[in-house]
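Here is what each chain is made of, one letter per residue.
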Amino acid sequence: MKFLSRLGSYLLFLAACFRKPDKWRMFWRAFFNEVYKMGNDSFGIVAIISLFIGAVTVIQFGSQLQGSLVPMTILGRIVRDANILEFSPTIVALVMAGKIGSNIASEIGTMKVSEQIDALEIMGINAASYVALPKILAAIFAIPALVICSMFLSNVGGAISCFFSEMVTVDIYIQGLRMDFNGFFVTHSLTKAFFSSFLIATISSYNGYITEGGALEVGSASTMAVVQSCIAIIFFDYILTQLMLY
Amino acid sequence: MIELSSICKSFNGREVLKDVSAVFAKGKCTFVIGASGGGKSVLMKCMVGLVTPDSGKVDFDGRSFYGLDYQNKKMLRQEIGMLFQGGALFDSLSVEDNVAFPLRMLSNMNKSELMDRVNFCLKRVNLENVNQLYPSNISGGMKKRVGIARAIAMNPKYLFCDEPNSGLDPLTSRVIDELIVEITEEYGITTVINSHDIKSVFDMGDHIVFIYQGKRLWEGNKSEIQDSGVFELQEFIKASRF
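Residue numbers (the numbering used here), protein chains in the order written: chain H, 1 to 246; chain U, 1 to 242.
The set of hints was computed from the structure by calculation and includes no laboratory data.
Nothing here was measured: the structure is a model prediction, and the numbers come from that model.
Check each hint, because a few of them may be wrong.
As the list claims (entries may be wrong) - Below, a list of computed lysine-lysine pairs in the DSS-like style, where the Cα atoms sit at most 30 Å apart:
| # | chain 1 | residue 1 | chain 2 | residue 2 |
| --- | --- | --- | --- | --- |
| 1 | U | K28 | H | K20 |
| 2 | U | K111 | U | K45 |
| 3 | H | K23 | U | K73 |
| 4 | H | K23 | U | K111 |
| 5 | U | K111 | H | K20 |
| 6 | U | K111 | H | K37 |
| 7 | U | K74 | H | K23 |
| 8 | U | K45 | H | K2 |
| 9 | U | K74 | H | K20 |
What the hints assert, rightly or not - Here are a few chain U residues that face chain H, going by a calculated C-beta distance under 8 Å:
| # | residue |
| --- | --- |
| 10 | V48 |
| 11 | K74 |
| 12 | I80 |
| 13 | F84 |
| 14 | A88 |
| 15 | F90 |
| 16 | R104 |
Virtual Cβ for every residue (Gly too), placed ideally from N, Cα, C.
The task is simple: from the sequences and hints, build the whole structure.
Written as structure tokens, this is what we have:
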């Protein structure tokens, strides 16, 4: 019952968010600011994680293929598809849930407990739309862009790993990367990234928006935002994979 | 004029407001007084639509707030200014941008008109040369004054002040009180002030509403308050003075 009530309240929050902004100029300014903040500030962590995921994946799969009759060119293909289909969209989304999600929830939560949201409402401004919509749309742009970077960098990480481990040569690895490429996997990955970014931004904004109390509650809202976003990401990862790939 | 009729509000089965009715006259300062937790803030939130009452009516010059559709409610809210207990200034904006915010969002003023209005409002609350400071860099009294400047930026017809003196020293409290009364008289605003500062009430209140445990126990002016015959009100005044 409590879950249904929360779901209803979340949907009502979304309905309030997706109303026409009160002033387009202010909306675009906030939107570009958020895109820059989310994309630029998160690129470093996404790059490091992606390079290492690619490197580790090569070693994991390479060690299992060694000594088998399977040609080593398959390594590049396996690593590429694993990165594009699962590692890049899901791990980047989980990292973003922790980084962007907690930031959104604590920012909006602090505005709520210090009556800044109430001040917006009193002025006749749609507070949900003003504080959350630029963040939601910015996340929908920034996170898939980070996922694209991650796909590329994880394969680069794989190549670096090949170079140092001497498991296979970089040439053979790249030959594998170029083998039987299926463009639909990228579509699938970006679809997952789109859903994940929407879930992260909306769940986090909602948790911030319903915060009541003080600093402790803002902390709890931030934690709840991350936990709920992670669960939603994994759940929709499974649903979308089932729907699109099977 | 603001008219409240039979406002009731409960939270989780606990009645916070019980059939509260009152009238707030145009161009006057009406004080809503009562002990902490007595329902003053909830009543104010019901009046401005931050909390929806379970039953009852709030009329702003004949316009029933809860009977209005989304657009009309939005228009009415643009006629309301509110000074919050903690100021509720936007942390990420400078003093100047805080005052300019409602003008940027809701008016079509050009940049120079907007800056003229911002500077006028800041000057009106006796704040100059603080335009570029941030809320974290100014004192509590200055935050309240910036809050008043932001509240009057859109030329409101109705001004709501929630505990404007809380956390301020007696001298700054007096400055804030005088400012609110001056602005009310100057612009003919209907002002409602939540307070438990009896000194302010006796100095400034045109009209007083006493709320006790969610009920409106007494309503009148400051000359009648001593002879009200309401025991709870007399006790409240006595406790506040000593």
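To see whether the hints hold, each was checked on the structure:
no.	hint	in the structure
1	U/K28 <-> H/K20	violated, 37 Å
2	U/K111 <-> U/K45	violated, 33 Å
3	H/K23 <-> U/K73	holds, 18 Å
4	H/K23 <-> U/K111	holds, 15 Å
5	U/K111 <-> H/K20	holds, 24 Å
6	U/K111 <-> H/K37	holds, 27 Å
7	U/K74 <-> H/K23	holds, 14 Å
8	U/K45 <-> H/K2	holds, 26 Å
9	U/K74 <-> H/K20	holds, 13 Å
10	V48	holds, 6 Å
11	K74	holds, 5 Å
12	I80	holds, 6 Å
13	F84	holds, 5 Å
14	A88	holds, 4 Å
15	F90	holds, 6 Å
16	R104	holds, 6 Å
In terms of the numbered hints stated before, the structure departs from hints 1, 2, listed from lowest to highest.
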